[in-house]
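Student: Put together the whole structure using the sequences plus the hints.
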Amino acid sequence: MINAQKLRQDFPILSRQIHGQPLVYLDNAATTQKPRAVIEALKRYYETTNANIHRGVHTLSEEATDQYEDVRAKVAQFINAPEHDPSQILFTRNATEAINLVARAWGGENLKPGDEILLTVMEHHSNLIPWYLIAKEKGARTVFVDIDEQGFLRMEEFKKKLTSRTKIVAVTHASNVLGTINPVAEIGKLAHDAGTLFLVDGAQSVPHLPMDVQKIGADFLAFSAHKMLGPTGVGVLYGRKELLEAMPPFLGGGEMISKVTLGEAAWNEVPWKYEAGTPNIADVIAFGAALDYLQEIGMETVQKHEQELVSYALRVLSALEEIVLYGPAKPEQRTGVVSFNVGTIHPHDISQILDSRGIAIRAGHHCAQPLMRRLNVVATARASFYLYNTPQEIDLLVEALKEARKFFGHVARTRT
Amino acid sequence: MLPEPELDDLYRDIILDHYRQPRNRGKLPKADLSGEGYNPLCGDEVTLQLIVDNGKVRQVMFEGRGCSISQASTSMMTEIIKGKTIAEVREMIELFKAMMTKDQPAAPELGDLEALEGVRKFPVRVKCATLAWNVLQDILKEVKSKK
Ligand SMILES: Cc1ncc(COP(=O)(O)O)c(C=O)c1O
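First to last, the sequence lines map onto chains H and A. Each residue of the first sequence is one higher than the one before, starting from 1 at the first, in our numbering. Each residue of the second sequence is one higher than the one before, starting from 1 at the first, in our numbering.
If you're looking for bench data, these hints aren't it; they were derived computationally from the structure. We put the beta carbon where it would ideally sit given N, CA and C, even for glycine. It cannot be assumed that every hint is accurate.
What the hints assert, rightly or not - Cut-off 20 Å, straight-line C-alpha distance, at most; resulting in silico cross-link-like pairs (SDA-like, lysine to any residue): (1) A:K121 with H:A360; (2) H:K406 with A:L16; (3) H:K159 with H:D146; (4) H:K136 with H:E97; (5) H:K406 with A:L7; (6) H:K215 with H:K241; (7) H:K406 with A:I14; (8) A:K121 with H:H19; (9) A:K121 with H:P113; (10) A:K82 with A:I51; (11) H:K406 with A:K127; (12) H:K402 with A:R20; (13) H:K402 with A:D8; (14) A:K127 with H:C367; (15) H:K406 with A:I51; (16) H:K406 with A:K82; (17) H:K159 with H:L190; (18) A:K127 with A:Q104; (19) A:K121 with H:G358; (20) A:K121 with H:D355; (21) H:K402 with A:K121; (22) A:K82 with A:K141; (23) H:K74 with H:K241; (24) A:K127 with A:R65; (25) H:K406 with A:D13; (26) A:K121 with A:L110; (27) H:K406 with A:L110; (28) A:K127 with H:D355; (29) A:K121 with H:G20; (30) H:K406 with A:K121; (31) H:K402 with H:A319; (32) H:K161 with H:P113; (33) H:K167 with H:R240; (34) H:K402 with A:L7; (35) H:K406 with A:R12.
As the list claims (entries may be wrong) - Calculated Cβ distances over 10 Å to all of chain H for the following chain A residues: (36) I86; (37) K102; (38) A107; (39) I139.
Tutor: Structure representation (C-alpha cells):
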C-alpha cells in the first residue's frame with residue numbers, strides 16, 4: 001500500500017499554490033513531478049562529479065562514467081532485459097527519439113518497397129510520424145488496426161492484417177488517451193510467429209506497471225525518463241542485442257566510433273555505437289535516482305495504487321451529468337489515465353476553469369489526432385494519476401467539473 | 001461560484017453570450033469567398049463564407065467546432081464586418097490583431113470585441129481568439145485579383 005500523503009512530502013513542487021490554492025497535479029501522462037532524491041542527484045552530480053565520460057583518464061571522468069553506466073545496468077534490470085545485459089540499453093533524448101532511431105537505423109536498412117509497418121489507430125504521433133517518414137522514403141506502407149467501442153484493439157483484425165508483407169509491428173503498450181492496456185504478450189507472440197519484429201511504445205506503461213521485455217516479447221521498447229519521476233532529456237531504447245549489433249548507427253560523431261581514418265570509420269560496440277557525442281550525463285545519473293525511488297516502492301504497488309484511483313475516479317466521474325468517459329470500463333484493464341468530455345463544453349474551457357482552482361489536467365488531442373477522429377471528437381479533457389495522487393484530489397476534480405458545468409452548462413442545452 | 005477575477009477577465013458576459021447564441025452561424029448556399037482554418041493545439045476548426053457586393057461584405061456565415069473563445073470571437077467578427085467595405089474589414093483585422101498580439105489597447109472601432117482584450121492574459125488562448133481572423137485575412141487576399 002502506498003501512503004500517498006506521506007510520499008507527497010518527497011515532492012517539493014506539490015506544496016506549491018496555484019492561484020492561491022494547493023496544486024492538484026493530474027497531468028502525469030504528460031510528465032510527472034520529481035522527488036527530492038532526483039533533484040538532489042542532479043545537484044550532487046554538478047557539485048561533485050561533473051566531467052565528460054568515456055574520455056578522461058582522471059578521477060572525475062572515471063566517477064562520472066561509472067555513475068552513468070550504472071544507470072544503464074539499472075534500466076536493464078528494471079525492464080528485465082535478457083541476462084540484464086546493459087549493452088542492450090541505449091540512452092536517447094526521449095521516447096520519440098528512441099522510436100525514430102529504430103525507424104531510421106533499422107527501417108532505413110531493412111524496409112523495401114511494398115513492405116508493411118503494422119500500427120494501431122491509438123498510437124501517439126511519436127509512434128506514427130517516424131514510420132510515415134521512413135515508409136515514404138522506402139516505398140513501404142503503414143497499416144492500422146482499429147479499436148472497438150470500449151477502446152480495445154480489434155485482435156481479429158490485427159491477425160488479418162499481420163501478413164508476410166508485415167516487417168515490423170509497432171504498438172503502444174498503454175494508450176495515453178484511453179488508458180487501455182494492450183495485450184502486448186499476445187501481440188508479441190503473433191508477431192514472432194509471423195516472422196516480424198515487434199516494437200513496444202512503453203511511454204505510458206513502463207512508468208506505471210512492472211515491465212518484463214522478455215515476457216512481452218518486445219524486440220524494441222521505447223520510453224521516457226520524465227514520465228517516471230526522472231528529469232527531462234532522457235529516453236531509453238531497449239533493443240535485442242543481435243538487432244542492435246546488426247543495425248547501422250543512427251547519428252554519427254564522437255563516441256560512436258572505434259577507428260576513424262580519412263573517409264572511413266569503424267563503429268564502436270553497442271550500446272555506444274548509438275550514442276554519438278556527449279550524452280545527457282547529468283540527467284541520466286539523476287534518472288538512476290528515480291529508478292531507485294520507484295523500485296523501493298515496487299512497481300506492483302504503484303500499479304495497484306493507480307488502479308484504486310482510477311476505479312474511484314471512474315465511479316465518481318460517471319455520476320456527473322452529461323459526462324462521456326472514454327476507454328475500458330474496468331479499472332484492471334487500464335492505467336491511471338481518464339479521458340472525458342462534459343456536454344459540449346470544449347476541453348480547453350474545462351481546463352481553464354480547473355486551473356483557476358489549482359487543478360492541472362490536459363486538454364486537447366493528446367498528440368493522437370487519428371484516435372480523436374476515430375472517437376469523433378476534436379479533443380478531450382484528460383486526468384492522469386501517479387503514485388502521489390489521492391482520492392481527495394479526485395473529489396476536488398469532480399467539484400470543479402460541477403462548477404464548469406454551471407458556468408457553461410446551459411450552452412450544452414441551447415446548442416446541439 | 002468563480003471568485004477568480006482573472007477568469008472573469010477571460011469569460012466576459014458578452015463572450016459567453018456569443019458562445020451560447022452564435023450569430024451568423026450556418027452555411028450559405030453560395031459564396032464569393034470561403035476558407036477554413038484549424039488550430040492544431042486544441043482542435044478548433046472554423047469555416048467562413050462571404051458574399052461581397054459592390055466592395056462590401058453583404059453576407060457572412062461561419063461553421064466550426066471549438067472552445068468558447070474561438071466561437072465567440074468568430075461570431076463577434078461576423079457581426080462587425082457585415083456591411084463594411086473590404087478596406088474597412090482589413091483595417092479591422094489589423095486593429096484586432098494589434099490588440100491580441102501587440103499589447104495595444106482596444107481601438108474604439110472594435111466595439112464589443114474589446115471584451116476579448118482579457119484573453120491576452122492567457123497566452124495559449126490568443127490563438128483561439130485569432131483563428132477566424134486569420135482565415136478572414138487569408139481569404140481577402142484573393143479579393144484584388146477576383147475583382
Ligand atoms: C504513448 C506515448 N508515446 C510516446 C510519447 C512521447 O514521449 P516523449 O515526448 O517523451 O518523447 C508519449 C508522450 O506523450 C506517449 O504518451
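Student: Please go over all the hints and tell whether each is borne out by the structure.
Tutor: The hints, checked one at a time:
1. A:K121 with H:A360: With Cα atoms ~18 Å apart, A:K121 and H:A360 stay inside 20 Å; holds.
2. H:K406 with A:L16: 13 Å, holds
3. H:K159 with H:D146: Holds, at roughly 12 Å.
4. H:K136 with H:E97: With Cα atoms ~19 Å apart, H:K136 and H:E97 stay inside 20 Å; holds.
5. H:K406 with A:L7: 14 Å, holds
6. H:K215 with H:K241: 16 Å, holds
7. H:K406 with A:I14: OK: H:K406 and A:I14 at ~17 Å, within 20 Å.
8. A:K121 with H:H19: Roughly 14 Å between the alpha carbons, so the hint for A:K121 and H:H19 holds.
9. A:K121 with H:P113: At roughly 51 Å apart (the allowed maximum being 20 Å), H:P113 and A:K121 break the hint.
10. A:K82 with A:I51: This hinted pair holds, its Cα atoms lying about 10 Å apart.
11. H:K406 with A:K127: Outside the cut-off at roughly 26 Å; violated.
12. H:K402 with A:R20: 18 Å, holds
13. H:K402 with A:D8: 18 Å, holds
14. A:K127 with H:C367: 18 Å, holds
15. H:K406 with A:I51: 38 Å, violated
16. H:K406 with A:K82: Given pair H:K406, A:K82 is violated - Cα atoms ~33 Å apart, limit 20 Å.
17. H:K159 with H:L190: Status holds; Cα separation ~8 Å.
18. A:K127 with A:Q104: Given that 20 Å is the threshold and the Cα spacing comes to 17 Å, the pair holds.
19. A:K121 with H:G358: 17 Å, holds
20. A:K121 with H:D355: 14 Å, holds
21. H:K402 with A:K121: 25 Å, violated
22. A:K82 with A:K141: With a Cα-Cα distance of about 18 Å, the restraint between A:K82 and A:K141 holds, given a limit of 20 Å.
23. H:K74 with H:K241: 17 Å, holds
24. A:K127 with A:R65: It holds: about 14 Å lies between the C-alpha atoms, which stays within 20 Å.
25. H:K406 with A:D13: 14 Å, holds
26. A:K121 with A:L110: 19 Å, holds
27. H:K406 with A:L110: Distance of about 30 Å is beyond 20 Å: violated.
28. A:K127 with H:D355: 19 Å, holds
29. A:K121 with H:G20: 17 Å, holds
30. H:K406 with A:K121: Distance of about 23 Å is beyond 20 Å: violated.
31. H:K402 with H:A319: Holds, at about 11 Å.
32. H:K161 with H:P113: The given pair, whose Cα atoms are some 17 Å apart, holds under the 20 Å limit.
33. H:K167 with H:R240: 16 Å, holds
34. H:K402 with A:L7: Holds, at roughly 16 Å.
35. H:K406 with A:R12: Holds, at about 15 Å.
36. I86: The claim stands: A:I86 keeps its Cβ more than 10 Å from every Cβ of chain H (closest is about 31 Å).
37. K102: 23 Å, holds
38. A107: The assertion about A:A107 holds, with a minimum of 26 Å to chain H.
39. I139: 22 Å, holds
The structure is inconsistent with the numbered hints 9, 11, 15, 16, 21, 27 and 30, although it conforms to all the rest.
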